[in-house]
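Colleague: So the sequences go chain by chain: A and B.
Anchor point for the first sequence: position 15 equals 15 in the numbering used here, and the numbering is continuous, going up by one each time.
Anchor point for the second sequence: position 414 equals 529 in the numbering used here, and the numbering is continuous, going up by one each time.
In short, the hints are calculated from the structure, not lab data.
A hint or two may mislead.
Per label pair, the in silico range of CB-to-CB distance [to be verified]:
{"hint": "1", "chain 1": "A", "residue 1": "Leu89", "chain 2": "B", "residue 2": "Pro242", "range": "38 to 44 Å"}
{"hint": "2", "chain 1": "B", "residue 1": "Leu528", "chain 2": "A", "residue 2": "Gln49", "range": "40 to 46 Å"}
{"hint": "3", "chain 1": "B", "residue 1": "Glu121", "chain 2": "A", "residue 2": "Thr16", "range": "47 to 53 Å"}
{"hint": "4", "chain 1": "B", "residue 1": "Trp188", "chain 2": "A", "residue 2": "Thr16", "range": "25 to 31 Å"}
{"hint": "5", "chain 1": "B", "residue 1": "Leu528", "chain 2": "A", "residue 2": "Thr16", "range": "33 to 39 Å"}
{"hint": "6", "chain 1": "A", "residue 1": "Val74", "chain 2": "B", "residue 2": "Val596", "range": "54 to 60 Å"}
{"hint": "7", "chain 1": "A", "residue 1": "Val74", "chain 2": "B", "residue 2": "Gly588", "range": "54 to 60 Å"}
{"hint": "8", "chain 1": "B", "residue 1": "Leu528", "chain 2": "A", "residue 2": "Phe101", "range": "50 to 56 Å"}
{"hint": "9", "chain 1": "A", "residue 1": "Thr114", "chain 2": "B", "residue 2": "Leu127", "range": "19 to 25 Å"}
{"hint": "10", "chain 1": "B", "residue 1": "Glu121", "chain 2": "A", "residue 2": "Gln49", "range": "27 to 33 Å"}
Once the Cα atoms are required to be at most 30 Å apart in a straight line, the calculated BS3-like pairs of lysine-lysine come out as [as the list claims (entries may be wrong)]:
{"hint": "11", "chain 1": "B", "residue 1": "Lys867", "chain 2": "B", "residue 2": "Lys857"}
{"hint": "12", "chain 1": "B", "residue 1": "Lys316", "chain 2": "B", "residue 2": "Lys344"}
{"hint": "13", "chain 1": "B", "residue 1": "Lys316", "chain 2": "B", "residue 2": "Lys857"}
{"hint": "14", "chain 1": "A", "residue 1": "Lys65", "chain 2": "B", "residue 2": "Lys181"}
{"hint": "15", "chain 1": "A", "residue 1": "Lys71", "chain 2": "B", "residue 2": "Lys181"}
{"hint": "16", "chain 1": "B", "residue 1": "Lys634", "chain 2": "B", "residue 2": "Lys316"}
{"hint": "17", "chain 1": "B", "residue 1": "Lys867", "chain 2": "B", "residue 2": "Lys689"}
{"hint": "18", "chain 1": "A", "residue 1": "Lys69", "chain 2": "B", "residue 2": "Lys181"}
{"hint": "19", "chain 1": "A", "residue 1": "Lys65", "chain 2": "A", "residue 2": "Lys92"}
{"hint": "20", "chain 1": "A", "residue 1": "Lys92", "chain 2": "A", "residue 2": "Lys71"}
{"hint": "21", "chain 1": "A", "residue 1": "Lys69", "chain 2": "A", "residue 2": "Lys92"}
{"hint": "22", "chain 1": "A", "residue 1": "Lys92", "chain 2": "B", "residue 2": "Lys857"}
Ideal Cβ positions, reconstructed from N, Cα and C, are used throughout, including at glycine.
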Amino acid sequence: MLGGVPLHRDEIPPGTLYLLILRTLARGGEMHGYEIADSIQRISEDVLQVEEGSLYPALQRMLIKGWVKAKWGVTAGDRRARYYQLTTLGRKQLAVEVSQFERVMRAIARVVQTA
Amino acid sequence: MTFFSELGRRLLMLVRRHQFDRELEEEMRLHQELREQEHLGAGMSAEEAHYTARRHFGNATLTQEKSRDMWGWSWLENAMQDVRYGLRQLRRSPGFTAVAVLTLALGIGANTAIFTLIDAVMLRSLPVANPGQLYRLGDNNNCCVMIGTQNGGSFVLYSYPLYEHLRDDTTDFSEVAAFQPFLSDLSVRRSGVASAAEPYKGEFVSGNYFTMFGVGAIAGRALSSSDDKSGAPPAAVMSYHTWQTHFGGDPSVIGATFTINTVPYTVVGVTPPGFYGDTLRSDPPDFWLPLAADPDRWLFSAEPEWLYLIGRLRPGVAPERVQAQLTGELQQWLGSRPEVIPERDRGDIAKQHIHLTPAPSGVDQMQTDYAAALRLLVTIAALVLLIACANIANLLLARGAADRSASALRLALGAPRARLIRQKLTETILLAVAGGAAGLYVAYAGTRTILLLAFRGAHYIPISPKPSLPVLGFAFFLALVTGVVFGAAPAWIGSRADPADALRGAGRSTGDRTSVVQKPLIILQVAFSIVLLIGAGLVTQSLRNLEYQHFGFVTEGRLIVNIAPSLAGYTPDKLDGLYQRLEEALPRIPRVLSASLSWYSPLGGNNANEGVYIHGKPPDYRWTAPSWDRVGPHYFETIGTRLLRGRAIEERDTPAAQRIAVINETFARRFFPKEDPIGQHLGMGDASHSGDYEIVGIVEDAKYQDTRGPAYATFFLPLLQTPPGEPLRGWVGAIELYVAGKPEDLEPFVRKTVAGIDPNLTILRVQSFAEQVNLNFNQDRLIARLTELFGLLALVLACVGLYGVTAYAVERRTNEIGIRMALGAGRRNVLGLVLGSALTQLGLGLAIGIPAALAGGRLLAGQLYGVKSYDPMILGLAASILAGCAVLAASVPARRATKVDPMVALRQE
């Protein structure tokens, strides 16, 4: 990664934010907000950047829906942070979202590839 | 399942709102700091890292709000915010708030009071089981005893044998009960108690009355069919109200023996509280007695039709089919009973029918009597509320204009217009709800006043002025609607403030959107007010005409005492001695100038009609049967009716003497148009009796029943004179006394004298003749008083409104006035300028209102007495009162305008 201001990044396609967060939590266990955003950024190799303005509202919605649960803990740097964790309901939702996403992607790919 | 856990989480957040906000803020701050560290680590300077992180974070407040919005409670939070802000605003201007809440309380309260009455009289059903199953055999309230065919063929009164026949033969009713259409006077004394007999009201009902209604006793038991058999021990049921107020709820009453009209009854039970019988009326029955105990055995033969019937239809049965079946049974019955329908009327049998009407409220006497009055009151109250709304709308508009810069600022800072409107509407709804709550007080007081006015002379009315649940709901709903109605326009107008315009400074322009709305409102207010004032004037004048008309008797200085000798066990043979003793003793009471006895007195609620046969003339069926009364010596002079010719009934008219009669002018005109009535003969019953009584005198016309129409043709017979073989019809029911000084003062002396003659002779009522007559005008008085009250209210509101609008205009145009005065305008010109606009509004209001009043007056014309609905004097008086008060109201701010110092005005922005 270059030092300085990050380069232009692509927007996260609408509707996939929940999918990304769920998947990240499924992989990472317990993470706080920054870690989730960071993880998405790293694994997507800087292509996808989650804005805080979208991340936190999304996390709140997932709390309402019961897909994640949160508890307060302490970071490595001895700071208080809220850690999110996937619930059983969240795992089910992840499976649903993944299959939906793959179906849509395959369809798009077919349309694009057909010359 | 997940829905509920989600709802649970949302509710939890609502409770823990503050904790939520803090945690979110902390969480987001950490995120920003970690980003900052990341940038530092990537090699930026501390400052750059900080700002980059901040910029990246974006609008923190917005993010927080969006996160909070996810939980779905933002609408509630906004509403709470609006309410708190509205309350603050209202507290800041206490004068305005007080006036507005008071105005609304009066308007909403008046409407709620009338709705309470409508609910109790029109909407509520009887407090019995399943009132929807109750049906009345009949469709009108003709009373009280009929023979043969009935008016229009519609049977509403039934003889006892006919009742039994219908009851036993119609299986579609689970029960059919019979009861008297009117209440009987009872003389009641508890056995073993030394006190004198007291007057009460009672109703004779069939044994299955309570079973039919599905009403059980709250203590003891109700009447049953076994009580209604001849020979059964007489049983009575007491009403809850009587039990509580006259016997203190004493449980020993149940099972005790009471002597009712000289017959010993056992009180077997008490009805539940709230049960008042089959008809909503003032002074409902104190006792219910079985029909079999009624001493008048004639009532149980086939001829007299005197019972109302109500039955409970079995579920699932079609009323039309039952109605047809009942009509068939009726016609069959009438055809087979020649003693009921004489030969000459047999052709009418086919027209007789039974109309089955739903009767969830029982007999709807009160509904019929008061329907027109209630409709009028609803209209008036609605008008007053509209005027009140217009007033407050004007006040709000003025306030909104004053607030304009604040609104402009808010709009400039980005508040959505809808939010601003919602805020203002919330404020007005708060006002309306406060007004509605205060209005409940007004409604309670108003309902009580109306009940007292409408039922003057009654001891107990089974209508509660306390607001019931439907009434509370109505008041709340009305308050909301009112708030939206008068708040919508000002809120909308207030939100259209152009930010730049307001910030630049208002007051320079002379045109103004606010006054465009204010002026029509004032015009409408003036129009409504003049309608109400004219209405009040007409109704008041009508009442005065009714109360001070020439009745044909004199009420001043007269006392009327109602007695009932039959209730004390008197029989016709013992009456002569009683009447004689009364006639001797009464004139000896100090201050009594003259005393007399009669069957009934004028306008006391009684009237008897009977077909009359004139000797030597064929029967004249053109006219309705004349009225008649039995009177004793000195009757006409005691009540102040003038004797025109011949002689009145005197002491010499004993049962043994020649039988005579006295007639009134209308009788003479109608039956003897071309000859001298004195010396002619008349009789009742049939043509063979036409020579029974000789006419010896003519008295002036007097009104005995109908206060509005002309007097009936009336003839008077002496107290005890009957043709040989004929039973006595009509006993003494009234004692009239002509006294010096106040009539009511004599009551204790009269009671003592009567008790001295016979302690068991129950006195039913003692009141002055004036009061007795006045009770006939209860409804008219009610309407007059309320219309006057509402008219006054409308007047005050209209003047306050005009004052407010003019004051606002003056304040807005202070600048302009200053300029005009600086340029040479004098005081008079300024006065003319300000008043001119006010007078225009007044004039337009009158121009709209007076034609509307004339049109509305036509609807009222039927109820007015002696007053035309377009009476020019009343019109003129109302208009000048309104105009005078309005000009006065507008001149106060107008004079203030003339005192404006031009320099001060010009300097003011």
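Colleague: Now tell me if each hint is right for this structure.
Modeller: Status of each hint after checking the structure:
{"no.": "1", "hint": "Leu89(A) to Pro242(B): 38 to 44 Å", "verdict": "violated, 54 Å"}
{"no.": "2", "hint": "Leu528(B) to Gln49(A): 40 to 46 Å", "verdict": "violated, 32 Å"}
{"no.": "3", "hint": "Glu121(B) to Thr16(A): 47 to 53 Å", "verdict": "violated, 23 Å"}
{"no.": "4", "hint": "Trp188(B) to Thr16(A): 25 to 31 Å", "verdict": "holds, 27 Å"}
{"no.": "5", "hint": "Leu528(B) to Thr16(A): 33 to 39 Å", "verdict": "holds, 36 Å"}
{"no.": "6", "hint": "Val74(A) to Val596(B): 54 to 60 Å", "verdict": "holds, 57 Å"}
{"no.": "7", "hint": "Val74(A) to Gly588(B): 54 to 60 Å", "verdict": "holds, 56 Å"}
{"no.": "8", "hint": "Leu528(B) to Phe101(A): 50 to 56 Å", "verdict": "violated, 42 Å"}
{"no.": "9", "hint": "Thr114(A) to Leu127(B): 19 to 25 Å", "verdict": "violated, 51 Å"}
{"no.": "10", "hint": "Glu121(B) to Gln49(A): 27 to 33 Å", "verdict": "holds, 30 Å"}
{"no.": "11", "hint": "Lys867(B) to Lys857(B)", "verdict": "holds, 18 Å"}
{"no.": "12", "hint": "Lys316(B) to Lys344(B)", "verdict": "holds, 22 Å"}
{"no.": "13", "hint": "Lys316(B) to Lys857(B)", "verdict": "holds, 29 Å"}
{"no.": "14", "hint": "Lys65(A) to Lys181(B)", "verdict": "holds, 16 Å"}
{"no.": "15", "hint": "Lys71(A) to Lys181(B)", "verdict": "holds, 21 Å"}
{"no.": "16", "hint": "Lys634(B) to Lys316(B)", "verdict": "violated, 58 Å"}
{"no.": "17", "hint": "Lys867(B) to Lys689(B)", "verdict": "holds, 21 Å"}
{"no.": "18", "hint": "Lys69(A) to Lys181(B)", "verdict": "holds, 19 Å"}
{"no.": "19", "hint": "Lys65(A) to Lys92(A)", "verdict": "holds, 12 Å"}
{"no.": "20", "hint": "Lys92(A) to Lys71(A)", "verdict": "holds, 21 Å"}
{"no.": "21", "hint": "Lys69(A) to Lys92(A)", "verdict": "holds, 14 Å"}
{"no.": "22", "hint": "Lys92(A) to Lys857(B)", "verdict": "violated, 96 Å"}
Of the numbered hints given earlier, the model fails hints 1, 2, 3, 8, 9, 16, 22; all others are met.
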